[in-house]
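Going line by line, the protein sequences match chains S and L. The first sequence maps to residues 4 to 575 in our numbering. The second sequence maps to residues 4 to 575 in our numbering.
I should point out that these hints are in silico values taken from the structure, not numbers from a laboratory. Incorrect hints may have been included.
Since the list gives no way to pick out one identical chain from another, each pair is judged satisfied if it fits inside one copy or across any two copies.
[As the list claims (entries may be wrong)] Below, a list of computed lysine-lysine pairs in the DSS-like style, where the Cα atoms sit at most 30 Å apart:
{"#": "1", "residue 1": "Lys12", "residue 2": "Lys409"}
{"#": "2", "residue 1": "Lys212", "residue 2": "Lys124"}
{"#": "3", "residue 1": "Lys566", "residue 2": "Lys113"}
{"#": "4", "residue 1": "Lys409", "residue 2": "Lys146"}
Number of protein chains: 2
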Amino acid sequence: MNILRINMKEGSIRQEMLPPKLMFYGNRGLIAKIMAEEVAPDCEPLGRYNKLIIANGPLAIASISCSGRVSAGAKSPLTGGIKEANSGGIMGYRLASLGIRALIIEDKPKQDVLFILHIGKKGAQLIDASEYKMMRIHALTKKLFQRFGPNCAISCIGPAGEMLMSAASVANTDMDGNPSRFSARGGLGAVMGSKGLKAIVVEDYKKIKPPIRNEERYKKALKQYVEEIRSAYQTSVGYTLYGTAGIIPTISEIGAMPSYGFRQGSFENADKISGERLRETILERGGEGNATHACMPGCLVRCSNIFPDQDGKQVVASLEYETLSMCGSNLGLTSLDDIAELNYLCNDYGLDTIEIGATIGVYMDLGLAEFGDAEIAKKLVREIGTGTLLGKILGEGAAITARIFKSQRAPVVKGQSIAAHEPRALKGMSIIYATSPMGADHTAGVTTRVRLDQLDPYIWLEYARDLQVKIAAFDTLGLCMFITTAGPKIPDLVVEMLNGIYGTDHGPDFIASLGKDVIWTEKEFNAKAGLSAAHDKMPEFMLEEPFPPHNAVSDIPKQHYQKFWEPSYWRP
Amino acid sequence: MNILRINMKEGSIRQEMLPPKLMFYGNRGLIAKIMAEEVAPDCEPLGRYNKLIIANGPLAIASISCSGRVSAGAKSPLTGGIKEANSGGIMGYRLASLGIRALIIEDKPKQDVLFILHIGKKGAQLIDASEYKMMRIHALTKKLFQRFGPNCAISCIGPAGEMLMSAASVANTDMDGNPSRFSARGGLGAVMGSKGLKAIVVEDYKKIKPPIRNEERYKKALKQYVEEIRSAYQTSVGYTLYGTAGIIPTISEIGAMPSYGFRQGSFENADKISGERLRETILERGGEGNATHACMPGCLVRCSNIFPDQDGKQVVASLEYETLSMCGSNLGLTSLDDIAELNYLCNDYGLDTIEIGATIGVYMDLGLAEFGDAEIAKKLVREIGTGTLLGKILGEGAAITARIFKSQRAPVVKGQSIAAHEPRALKGMSIIYATSPMGADHTAGVTTRVRLDQLDPYIWLEYARDLQVKIAAFDTLGLCMFITTAGPKIPDLVVEMLNGIYGTDHGPDFIASLGKDVIWTEKEFNAKAGLSAAHDKMPEFMLEEPFPPHNAVSDIPKQHYQKFWEPSYWRP
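Chain S with its partners taken away, still in its complex shape (with noise of 0.2 Å):
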């Protein structure tokens, strides 16, 4: 496989191998080795020594299901941190059905300039982008389309990342052409946007052939691990049925849904923006349901959906947890057609539907708008998405916004906001946030749905950093963290599928180790970024103002997030 690097200042593009010691190194991984090699921890974020970098993983070349994540990465101008960020779409299978693990963009050119980096049959090379100005994403990628073919695979920014706002996200397209897939966390789309890259439009002109060592290891572990996700419950009814937003009604009653600027968990209103009334409004409009649409090629579990207007005219695609409840609940929302608007100004406009809710449920919090104005709430993303002078605040997310504000209310760790696992109430996921190198991401491992005591703060540690110690893993292969939640079997059978592929004899302990080793290569970047222990904590007026229904604060004791990472754990 091989590596395309970027060098905006110059112009140039030059494509290197892979080095061999990194070929099991995809996506999260990846990008946390090249950024320790290449990247000062201590450099800005937004200036010319920050790289970002693209990265699909090892699995994505034979086209397994779940297996094409792609990936974004750079240091985050939002946390200060090492930042990676994936999502579905075609992107990742497109690079690698090309021989390409990953692109390094670097430097940034000199002029206020705006580029295209195109790769086809032609080879790669940047175009000038500046009737593509300030475009919004639906509208860009429609002329992207246009003018490169529909198979094209993009990667792309809208006015937030042009403006450098640490809220904007990257947008990647679907096999239906849709940009809705979205590396949204951690402002890559401004490190985007400061590299002066537009857009990324990869042509379908090849497909390199895996080079499969020991087909017969391979297709046997395969065959399983395709028949282990068709009889989970989870990644063949829960997910497949009810979509993300399948978890609602329980995150609700177990009272961890944010609600209200993270006033309470439960959300009286849940029922109606639940996975079930989702599907069915999805059917009453003549859609296909709820979970039925895949993210990417191949994928078994579909848990997406395409969430149609009164019309049946496509808002989004899809409508998922996450925003359910940090664009709905939090705002005090209780319409899904409110809620797919706001998600698609969001999408529209390029900016991360997690930090944007956290940030405007700040703002309400604060009584400077009104909870459950819906129109308020979508003039505040308009504000964003067109760079107003209170856009430009809100734009820089929840911590910033209550910065100028003057809340003490910001439901940030490393900067970054949490995602809608309330920590208070879901211990798991305080130790997750509170630790992760990567700021209160919800990606770096879910505890809601585990069968322990959410509300003991004491029983969590160890559970907590092996759950990221897998995922980080998983995100290191490209795999999508869903399929976790396939069976105690499925990391054995990655492993398998790795070994068969690349003629390698990996035990199980794989995983672990390689997991392992990316959040401890994560932890030293964020070092020597100057992100430390002291980072590693819940907001303050977390352990102190209780949270409805259980009234629990922050309690986990200091001691667990340091022993989180003892050495010996780490380097056994």
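Given chain S's structure and the hints, the job is docking chain L onto it.
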């Protein structure tokens, strides 16, 4: 000596003995010791766990010239680290005369209320201050003098502090009742605001006699100390004739005077705002010349001035170099009257002129306002002081302003703006700004007048370190840093005066070991607060952008910043 502990939540005031081991710790050093002992370094600066400490030093009780500085200290909302900012005025001596070494203001009121801490004959009490809400500094102090008598010492905050802005200062009154002496840097006014404390008013009702243990030893040292100050050029002529503004021709000539948003170091209109021009202007208008005014009772240096308008009416007392540069040359302003008015406005709202000058410089540099437009500059300060949306941004200082408006040219270290001694042209200042636990303070040590090659990046480490240590010790003894320019005998004489007063027998190494202890304590606090070696650096743009006229860049080897902290120096 005593400590008064004021709990703003309970409304309680408790008197405690200063622990004997802290007998020689005042001001900066006492703040460091109390913070290290009592404040969780990872607390929210504007939350209830931070403490605001007001302190004087161990010489103040004897009313020695230049020894009555008053310090404010806390965890800074601007830097996220420990902060001390000292000032002249009468509060330092006043508290000493009552036997008070420090006030510790802790916790915060449950509701949004405002208090005055009043210390008078009947003891100390918290008085409702709602009638003074959002009152500006000049009107406020006038009211307070009317109410509590003209001889009070007052420390107070303006609207900026009440609005919790990171550029908010604490004002202190001088001998004439002018609220013109500022603990300006680091946003300590916001910490005071967060405590619900509008003002501290201390009546003149008691004079504790200094318990001088060895009268002869003390008097001998004092006499020589006075002689040294009276005979040294800088403290008897330099500062006394032209004040701090006396440096302008030199610093502009050597190319280290920030001009036009840190774009150049020689200001073509330096002569229009120089110390000489200042002196002439004041005399023309019937004032007393430039440096004829003492900021503290009994000061022999008298480096301050009273700047009148064209009708001879006082505008500010005094107009200082840092303001003349940061709110003058850095904004392209050439009229002393304009700069004085900007200064007046900053004082009146309770804002740091250095941070505000740097901030407006960033704003102008982005093309959002014109350099040289004094009316716009004043309008921007009014926006800050009245808390408009734009004002809320600018009031957070240069780093946040750069983040919101997307400048990569924030002249900041640890979130705080660099003062008016440009580090690219002054390599010693690079080291001081980068390493000081306080962020980029010139008050941590000024190397501008030192006769070494200012542009040689390799020769400054030891000098800058030793200087910081000496200044930290002087800051801990409540001494004005200017007397370090009164010749090499001063440190020993200071130790001798202490020995005379306290009956001790410290040797000449006392100053160095005191300074080292203080800085190391601060550094350790900062490390636990999350400020590490990664934060000891110059802004990235200064590494590459040549600074005319020398076209120097920041080129101190990284190892120098690291070597600065070699433990063998600090803990010999």
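Hints versus structure:
In this assembly of identical chains, the alpha carbons of Lys12 and Lys409 lie at most 30 Å apart only when taken from different copies (19 Å versus 39 Å within one copy). In this homomeric assembly, Lys212 and Lys124 come within 30 Å of each other (Cα to Cα) only inside a single copy, at 17 Å, whereas the closest approach across copies is 90 Å. When the C-alpha separation of Lys566 and Lys113 is checked against a cutoff of 30 Å, the pair qualifies neither within a copy, at 46 Å, nor between copies, at 34 Å. Proximity of Lys409 and Lys146 under a CA criterion of 30 Å is satisfied inter-copy only: 28 Å between copies versus 42 Å inside one chain copy.
The structure shown violates just one earlier hint, number 3.
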